[in-house]
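Asks: Sequence:
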Amino acid sequence: MSDTPAQDTVSLDALRRDIDAADEEMHRQLIHRGEVIERLIDAKRLSANGGAAFRPDREAAMMRRIAARHTGSLPLSTVEHIWREIIGTFTQLQAPYRVLAARAADPAMRDLLRYYFGFSSPLVGAASNREAIDTVARTGTDLAVVALDDPLEERWWESLTPSADAPGFGAKVIAYLPFLPLQSGLDLPRAVVIGPKNVEAPDDLHLYAVDLADTGSIDGLGTILARSAAAALIAAPRDPAGFGKTTTLQSHWLGCFAKPTDWT
39 MSDTPAQDTV
49 SLDALRRDID
59 AADEEMHRQL
69 IHRGEVIERL
79 IDAKRLSANG
89 GAAFRPDREA
99 AMMRRIAARH
109 TGSLPLSTVE
119 HIWREIIGTF
129 TQLQAPYRVL
139 AARAADPAMR
149 DLLRYYFGFS
159 SPLVGAASNR
169 EAIDTVARTG
179 TDLAVVALDD
189 PLEERWWESL
199 TPSADAPGFG
209 AKVIAYLPFL
219 PLQSGLDLPR
229 AVVIGPKNVE
239 APDDLHLYAV
249 DLADTGSIDG
259 LGTILARSAA
269 AALIAAPRDP
279 AGFGKTTTLQ
289 SHWLGCFAKP
299 TDWT
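For the sequence shown, counting from 1, position 158 maps to 196 in this note's numbering; every step adds exactly one.
Treat the hints as calculated values from the structure; they're not laboratory data.
In this text the structure is predicted, and so the values were computed from the model without any measurement.
Errors might be hidden in some of the hints.
For lysine to aspartate or glutamate, the following EDC-like pairs were computed, each having C-alpha atoms within a straight-line distance of at most 20 Å [claimed, not checked]:
#	residue 1	residue 2
1	K82	D187
2	K283	D242
3	K297	E238
4	K297	D249
5	K82	E97
6	K82	D61
7	K283	E238
8	K297	D242
9	K297	D56
10	K283	D300
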């Protein structure tokens, strides 16, 4: 008589114990992370230099490390969302902020916002992209998300104040979404994240709004993210001084962001 069923039962029980142990260790590490965050909050309070808790530079570096070491059948997008949920929750503990979007009620946009900012971040609908950006510039703590398939006729970038000498908290582009490749079936809109001008953003790529005219071409200027008859949004690795030398068209610097991992 075969003893295979009994052996299978023992094997399954052992595997389930391994899973339970892994779950327990993950929970313990989350508790430890929370304790470290509490010490970080205290350190910032004592230094009187808290600044913005949202750090797109650190976040991009973390996501690159996760993508580099990831293996196995678990989709990378699932891992990214879990990590972003953790990051978003702990960032809210450090310095609460809201995420504003003109299309916050749109199902696809809402999926994007929850995927990247988690369920701990309050989502706020805005009457327009300009209103969302103006709120960021006024509060100095909130973020705005603008979908790149929104009509460019609104010219929302004219509400940005990315210059360091601009009055108030200002607002500039600090990130591009999606950052890591999305798994098949996960259809999220492309968008840019806008934060206060003092947020340290990676400068892999600079974003420009270029006014289109009868003369002048945008060919070769960079990656075209959006385009209409009157304007185009272009990402390029050149800073404003360098970009201005490559075209005679009027351009506006909107900010900078980390280069997505699947961009060549």
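Asks: Within 20 Å, alpha carbon to alpha carbon, are K283 and D242?
Replies: Holds, at about 19 Å.
Asks: Is it true that the CA of K82 sits at most 20 Å from the CA of D187?
Replies: Not OK: K82 and D187 at ~39 Å, beyond 20 Å, violated.
Asks: Straight-line Cα separation of K82 and E97 no greater than 20 Å?
Replies: holds (19 Å)
Asks: For a C-alpha distance cap of 20 Å, please report whether K297 and D249 respect it.
Replies: violated (24 Å)
Asks: Hinted pair, alpha-carbon criterion (20 Å max): K283, E238. Please report holds or violated.
Replies: Violated, because 25 Å separates the two Cα atoms, which is more than 20 Å.
Asks: Can the restraint linking K297 and D56 be considered satisfied, given a maximum Cα separation of 20 Å?
Replies: violated (38 Å)
Asks: Next pair to validate is K283 with D300; report whether the Cα-Cα distance is within 20 Å.
Replies: violated (28 Å)
Asks: Given the hinted pair K297 and D242, is their alpha-carbon gap at most 20 Å?
Replies: Roughly 6 Å separates the two Cα atoms, so the pair holds.
Asks: Regarding the pair K297 and E238, is the alpha-carbon distance no greater than 20 Å?
Replies: holds (15 Å)
Asks: Is K82 close enough to D61, meaning Cα to Cα at most 20 Å?
Replies: Status violated; Cα separation ~31 Å.
Of the numbered hints stated above, those contradicted by the structure are hints 1, 4, 6, 7, 9, 10, listed in ascending order.
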